[in-house]
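There are 2 protein chains.
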Amino acid sequence: MIWVRFLGLNWDTSVVTDYGLKYFDDYVPGASYDCGSVTVSQAEIISFATQFDPQPFHVDPEAAAAGPFGGLIASGWHTSALVMRELVDHYLPAGASLGSPGIDELRWPHPVRPGDTLRVRATVTEARRSASKPDRGIMKTAIEAVNQDGQTVMSAKATNFLLVRPDSDAPDSDAPDSGAPDSGAPDSGA
Amino acid sequence: MIWVRFLGLNWDTSVVTDYGLKYFDDYVPGASYDCGSVTVSQAEIISFATQFDPQPFHVDPEAAAAGPFGGLIASGWHTSALVMRELVDHYLPAGASLGSPGIDELRWPHPVRPGDTLRVRATVTEARRSASKPDRGIMKTAIEAVNQDGQTVMSAKATNFLLVRPDSDAPDSDAPDSGAPDSGAPDSGA
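Sequences listed follow chains A and B, in order.
The opening position of the first sequence corresponds to residue 0 in numbering that gives the first Met the number 0, with each subsequent residue numbered one higher.
The opening position of the second sequence corresponds to residue 0 in numbering that gives the first Met the number 0, with each subsequent residue numbered one higher.
Simulated from the structure, these hints should not be mistaken for laboratory data.
Keep in mind that a hint or two might mislead.
Coverage of chain B stretches by chain A, computed from C-beta distances (three or more under 8 Å per stretch; other residues unrestricted) [claimed, not checked]: (1) 50-58; (2) 61-75; (3) 78-89; (4) 101-108.
Backbone N, C-alpha and C define an ideal beta-carbon position, used for all residues, glycine too.
The shape of chain A in the complex, shown without the other chains (with noise of 0.2 Å):
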């Protein structure tokens, strides 16, 4: 993923490996990756609020101290983004990501506050391959985002489309002779 090393910015990368993770073929269900922490400051989170979620409790310090958390916290959506940074930088494929269609159980179960750490986990849960589109497969990932006192602040269930490795074999559903119409009809009885 050199591409990302241009933009310059300041993550901490350095106790993450690469874990050449590069096609479909790649993700095991089962296996789990350390993905990096993040540090994130008063300014972040109430820049990002302000342009996004300007409720009291992300964008006004004064607020926020008499608010229902009793401080300043991150929007929810900033420590998703914040996470999904994590993931790009070191599980997910630059060449061979294909896009999500979306993510289920999104939960924020714990504040995010101004100088929390947050430590991303990644772990492969599902892996087929398509049936209608031979290039590519479906992963579907257990997100979680710890802080720095074991906390967790976000869990996520996201799903991906990959492409598979130039030459991987077709998968069986795909077989020219798996073609007739008789998925929908169980044990006809011929």
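Fit chain B to the supplied structure of chain A, relying on the hints for placement.
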């Protein structure tokens, strides 16, 4: 939501009225609200994604043109953040919002491209008083964002905690005479 006006940002709120949604009590299941629209530029797409989701099809117009979407598209997290801004401006109550524990079934069924205008709709699907914390209620919302061609680009089911109106009656489930722990014993026959 006077404080929103301080921020001086360039969002189209002109066609949306103030719905008078101030407390939990004002959200009635079935009610549906037009939450305004927002247009996203190529520069904004690249800026957000450079920081949070620097996959080639979000940050590099040339690579994106040759990529899976045939052009640059917005990060799903960017789309979500843009939609959140519309909800904060037109749907969530600035003085009574107690945050969100999470989102279910977040979907990005169609790409968002530079110049697209997204119109946001929020529909109350559930609203119940908290049994354990009588000052608040739990509201669920079906969110949908549609582009200028009528294609749905995002949908989600959000949960929010909101303060009840200060002079509201306590809910039945918090009445002192309903404290017997019998809710788990259906028709015990006595």
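Right, here's what the structure says about each hint:
Here's how the stretch 50-58 of chain B fares: 7 of its residues keep a CB closer than 8 Å to some CB of chain A, so the rule of at least three is met and the hint holds. Coverage of the stretch 61-75 of chain B by chain A holds [criterion: at least 3 residues with CB-CB distance below 8 Å; count 5]. Counting residues of the stretch 78-89 of chain B whose CB lies closer than 8 Å to any CB of chain A gives 6, so the stated coverage by that chain holds, three being the minimum. As drawn, the stretch 101-108 of chain B meets chain A at 8 residues by the rule of a beta-carbon pair under 8 Å; at three or more, the given contact holds.
Hint violations for this structure: none, all hints satisfied.
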